[in-house]
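A.B. asks: Sequence:
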Amino acid sequence: MLKSKKKYTQNTNRNSIALIALLAFVSLSLLIIIKYNNQNLSITEVDLFYLGNLMNIFTYLSFLVGLALLYYKDSKIYNSVKRVILFFLWLSLILLIFASVFGQSQIPLPDVYILKQSIKRVLIAVFYVLSQFSLIVITVYIWLELIKHKTAVIIRTTINSMIVILMLFGFSFIYVQKNYSEDVKNLKDNNEVGVVLGAAVWSNNKPSSSLKIRVDKAVQLYNSKKIRKIQLTGGNAPGELSEAEVAFNYLKQFNVNLNDVLIENKTASTAEQLSFIKNELSNSLSSKNIVVISNNYHLSRIHQMGKFYDIEINLVPAEMSMSWQNSLYYKVREAIALLLFWFFAI
Numbered sequence: 044m045l046k047s048k049k050k051y052t053q054n055t056n057r058n059s060i061a062l063i064a065l066l067a068f069v070s071l072s073l074l075i076i077i078k079y080n081n082q083n084l085s086i087t088e089v090d091l092f093y094l095g096n097l098m099n100i101f102t103y104l105s106f107l108v109g110l111a112l113l114y115y116k117d118s119k120i121y122n123s124v125k126r127v128i129l130f131f132l133w134l135s136l137i138l139l140i141f142a143s144v145f146g147q148s149q150i151p152l153p154d155v156y157i158l159k160q161s162i163k164r165v166l167i168a169v170f171y172v173l174s175q176f177s178l179i180v181i182t183v184y185i186w187l188e189l190i191k192h193k194t195a196v197i198i199r200t201t202i203n204s205m206i207v208i209l210m211l212f213g214f215s216f217i218y219v220q221k222n223y224s225e226d227v228k229n230l231k232d233n234n235e236v237g238v239v240l241g242a243a244v245w246s247n248n249k250p251s252s253s254l255k256i257r258v259d260k261a262v263q264l265y266n267s268k269k270i271r272k273i274q275l276t277g278g279n280a281p282g283e284l285s286e287a288e289v290a291f292n293y294l295k296q297f298n299v300n301l302n303d304v305l306i307e308n309k310t311a312s313t314a315e316q317l318s319f320i321k322n323e324l325s326n327s328l329s330s331k332n333i334v335v336i337s338n339n340y341h342l343s344r345i346h347q348m349g350k351f352y353d354i355e356i357n358l359v360p361a362e363m364s365m366s367w368q369n370s371l372y373y374k375v376r377e378a379i380a381l382l383l384f385w386f387f388a389i
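With my numbering applied, the sequence shown corresponds to residues 44 to 389, in that order.
Derived by calculation from the structure, the hints in this document are not laboratory data.
Among these hints, one or two may not hold up.
[To be verified] Here are the simulated lysine to any residue pairs, SDA-like style, with alpha carbons at most 25 Å apart:
1) Lys269 to Ala168
2) Lys163 to Phe319
3) Lys249 to Asn298
4) Lys350 to Ala380
5) Lys159 to Val89
6) Lys309 to Ile256
7) Lys125 to Tyr103
8) Lys249 to Asp154
9) Lys272 to Gln296
10) Lys159 to Gln82
11) Lys374 to Leu358
12) Lys269 to Lys295
13) Lys116 to Ile190
14) Lys309 to Tyr218
15) Lys295 to Val227
16) Lys255 to Glu283
17) Lys295 to Asn279
[As the list claims (entries may be wrong)] Quick list of the computed label-pair ranges, beta carbon to beta carbon:
18) Val207 to Pro151: 34 to 42 Å
19) Ser252 to Lys191: 52 to 60 Å
20) Glu362 to Leu66: 41 to 49 Å
Ideal Cβ placement from N, Cα and C applies to all residues, glycine included.
Construct the complete structure from the given sequences, taking the supplied hints into account.
C.D. replies: Written out as structure tokens, the structure is:
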């Protein structure tokens, strides 16, 4: 009787670990597909060695390695926690699918903006983050079981999961500290186009300081023959002119042939602007002849997005002086945005 029960438990455990491993593989594969679909890229363009994809793979490998060690090291503990593992893995997968479906849906939502992001974009990010956090929680839980932490497991799991999140944020924050040189002497002459990424528009359709200095830098490059044309980008919030149109109105005061100025006024994010560069500009031009202009704190994320899109763009900073508080705010915001792009391509 005991042997029969033991054999039944072993068979059940084997079946459950196979199911868990399959779910993890499906979740990882689906996440990669969703990332490229989010940016309207084909699955054939997937680069598994892109840093963000490596992060996804490492996260799931950490989960699977811990799972395998727990299964072979202590089957009794595995048997007692397998339902918890399955619950969190299913939760992660369901949240991932929901985030993707919600992102593609046309559900009407109020025109509410949080940190200049629409409520829909914020909710999409929340669902993706909860999906990843569920995976991190169960991975940490497994490793704590492996090292025999029996006391306050829930508290330890929560604290250690938050530490993992902080470490990821810390890595991203360090990454965005890179300073790009404003010296454009090494930038070759006669690049086809300089792309000005959109920035905030103030009340009465006035360009923000960030938008002004980006246009100023584009004009400087144009007049010094570094670029032949200026491409303005950026859509609009309700009740405003688009960022590109406001930038164009500001640019009119300069010595620029307006026939050399192009306007794109539909994109609402940096990712959409990089998508525009890939699909509308680099398909007709060599991406090496495209200059992207934005604030220094913004360029590290743009660089990573360019790698994701497989376009080699030239990056030129348009820097302005700001207080350390503002500098910290923008770099923290960029670090969060970069982390979201690495993991979910949003």
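A.B. asks: Against each hint, give a clear statement of whether it holds in the structure.
C.D. replies: Evaluated hints:
no.	hint	in the structure
1	Lys269 to Ala168	violated (38 Å)
2	Lys163 to Phe319	holds (21 Å)
3	Lys249 to Asn298	holds (20 Å)
4	Lys350 to Ala380	holds (16 Å)
5	Lys159 to Val89	violated (30 Å)
6	Lys309 to Ile256	holds (21 Å)
7	Lys125 to Tyr103	holds (17 Å)
8	Lys249 to Asp154	holds (21 Å)
9	Lys272 to Gln296	holds (16 Å)
10	Lys159 to Gln82	holds (20 Å)
11	Lys374 to Leu358	holds (17 Å)
12	Lys269 to Lys295	holds (19 Å)
13	Lys116 to Ile190	holds (11 Å)
14	Lys309 to Tyr218	violated (29 Å)
15	Lys295 to Val227	holds (24 Å)
16	Lys255 to Glu283	holds (17 Å)
17	Lys295 to Asn279	holds (20 Å)
18	Val207 to Pro151: 34 to 42 Å	holds (36 Å)
19	Ser252 to Lys191: 52 to 60 Å	holds (56 Å)
20	Glu362 to Leu66: 41 to 49 Å	holds (47 Å)
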